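From just these sequences and the hints, can you work out the full model?
So the protein lines, in turn, are chains A and Z.
Take 967 as the starting number for the first sequence in my numbering and just add one per residue.
Take 967 as the starting number for the second sequence in my numbering and just add one per residue.
Worth flagging that the hints you see were computed from the coordinates, not collected in a lab.
Predicted model, so just to flag it, every value in this text is computed and none were measured.
There may be inaccurate statements among the hints.
Note: identical chains are not told apart, hence a pair may lie in one copy or across any two.
Quick list of in silico lysine-lysine cross-link-like pairs, DSS-like style, CA-CA up to 30 Å [what the hints assert, rightly or not]:
1) K1283 to K1169
2) K1249 to K1104
3) K1073 to K1099
4) K968 to K1099
5) K1207 to K1073
6) K979 to K1207
7) K1099 to K1207
8) K1169 to K979
Residues per chain, in single letters:
2 protein chains.
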Amino acid sequence: MKRILLSHGSGGKAMHSLINELIRDKFNNEILNELTDSAVLSLTDERRLCFTTDSYVVNPIFFPGGDIGKLAVFGTINDLSVMGAKPLYLSCSLIIEEGLDYDILDKITTSIAEAGRKTNVQIVTGDIKVVGKGGADKLFINTAGIGALGEGVNISMDNIEIGDRVLINGTIGEHGIAVMSAREEFETDTESDCAPLWDLISKVLPIGGIKFMRDPTRGGLSTVLNEITEDRDFGIRLFEKNIPIDDEVSAFCEILGFDPLYVANEGKVVIIVSPETAPSVLKEMKNQALGEKASVIGEVTGENKGKVILETIAGGKRIIDMLVGTQLPRIC
Amino acid sequence: MKRILLSHGSGGKAMHSLINELIRDKFNNEILNELTDSAVLSLTDERRLCFTTDSYVVNPIFFPGGDIGKLAVFGTINDLSVMGAKPLYLSCSLIIEEGLDYDILDKITTSIAEAGRKTNVQIVTGDIKVVGKGGADKLFINTAGIGALGEGVNISMDNIEIGDRVLINGTIGEHGIAVMSAREEFETDTESDCAPLWDLISKVLPIGGIKFMRDPTRGGLSTVLNEITEDRDFGIRLFEKNIPIDDEVSAFCEILGFDPLYVANEGKVVIIVSPETAPSVLKEMKNQALGEKASVIGEVTGENKGKVILETIAGGKRIIDMLVGTQLPRIC
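As structure tokens, then:
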């Protein structure tokens, strides 16, 4: 078996071969092929850009429905998308543990390349570091992304008003359960929802009335909603009966003692939208592949300022707090 | 002692406190303070941007003359600078090992903030991941950077012509020796040359005739020169007597069996410049704090195509190859 050696990260010959074999041919684009210290981007009309970064440390690196490479591309694309920015360029930096099976790295870089192609996003610059055995756990990936903000696009928590509706594009908790199942080796049909959100978002954005969007990844839906209400003059009322959740995810959460509201998603977006355009936005979401199960799950209220209140199916009410402690480490 | 826990990376309350305590106040700028998924950058005239990334895994994280935080800021700034781009914005992503001393993280984020302020570069977006004990070695940092390319700036290997001069701004090998001394706990006065190169580069760039620049980090001077000559119709002749090297670095290299030509630098730039403007460029470099010991160390030749030939002080000639294997892992 061919393994990654420290010399693959030394800046010398081995690293050059590795880049040619596993990166350059796969990520193939004119900007990257220059292999300069920075990628040169020529912009035409864009005056406002979005810039984001995330490191991915998911364990295990392969899980039902995805792998760390796909996650690293789609995750960063989604962070641009929820700002209303069209994803254009990514950087990709690998931290590899010495001794990693070369074929595994090959699979991951193939997955990164495919995810980039699928979304028309170019990976234009990167870096490879190799650390000694035990210095890292297999593979960590950082991606940073640049996206273009269209004229007039303004996604901000400051836009949110009492009466706005809270929408989500589908079932929650699948990514968390899929990663958990791979880690603990229990049987499930649940796959990660890992997917790029720009297609869906680019369709609903022109409808208007969209105040704020965020992808509920680590910390799940509850944490995002708490980030939205924190220190604000409004609260959020959440309708449990409207929150889409797959039966199997629901069952596993019960067995494992997880609250699905805190379980990570990687292909979901929470959209806060004006009551006037909420019906059209919902309708358009349902037309999209990633929005078939879209739902209005809540509304912004003048009561319970700063809090998220869940109206349960049983008819009760409870405060949904931000995640305290850690539910599932290394989920993304 | 306060330590980093897995919950600091969970996306929940602990992570929010950590961001407020160690990041937001220090990196303080309007763009970052929004704490949105992506930073929004408003550009005025820049139509061409540079985009780069590097992950930093240096071991140990503190070394004479610097630390992993300073290195992560200056290193990425330098990758933009050698393209001739004015560094504008950085992202910063931390991968932290569970149990890391909170005070150490505090020192590093302070160092990052200071390095940003010193260079007028804003850190506008970021991410924190915490992995379980043993899942990473203390702390890894990724920075990605965006810089603006001025009109007409064109730094490319394709510009290089026979007769061009090879310049460097000072003594080589200090970063490698400083890190090595910290790792092996041997006594030395040598400090890392870790420094931001944009000030110097912005002064010499307007002189004209600058064909190509690169910072000789991992793999050292030899590797950069080999990258330049690889598959080209020219070679490089290097004059050993003109290569600036500190006596102590030279002595340590001899003791440790290192060739200083392969030892890493973090505040050096190799500049390929036309013979006509080389004297003015050298003069201006010497005026700069980071260029006092600048020197013309070689020239581009029609002979020895694709090769780097060192003319030794003793009068001999030898081929300087790209680094094979690994000399010093985790140097940056």
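Hints and how they fare:
1. K1283 to K1169: neither (34 Å within a copy, 65 Å between copies)
2. K1249 to K1104: Classified as neither: same-chain Cα gap 43 Å, cross-chain 48 Å, threshold 30 Å.
3. K1073 to K1099: both (20 Å within a copy, 27 Å between copies)
4. K968 to K1099: both (15 Å within a copy, 28 Å between copies)
5. K1207 to K1073: neither (40 Å within a copy, 48 Å between copies)
6. K979 to K1207: between (59 Å within a copy, 27 Å between copies)
7. K1099 to K1207: neither (49 Å within a copy, 40 Å between copies)
8. K1169 to K979: For K1169 and K979, the Cα distance exceeds 30 Å both inside one copy (46 Å) and across copies (33 Å).
Against the hints set out earlier in the document, violations occur for numbers 1, 2, 5, 7 and 8.
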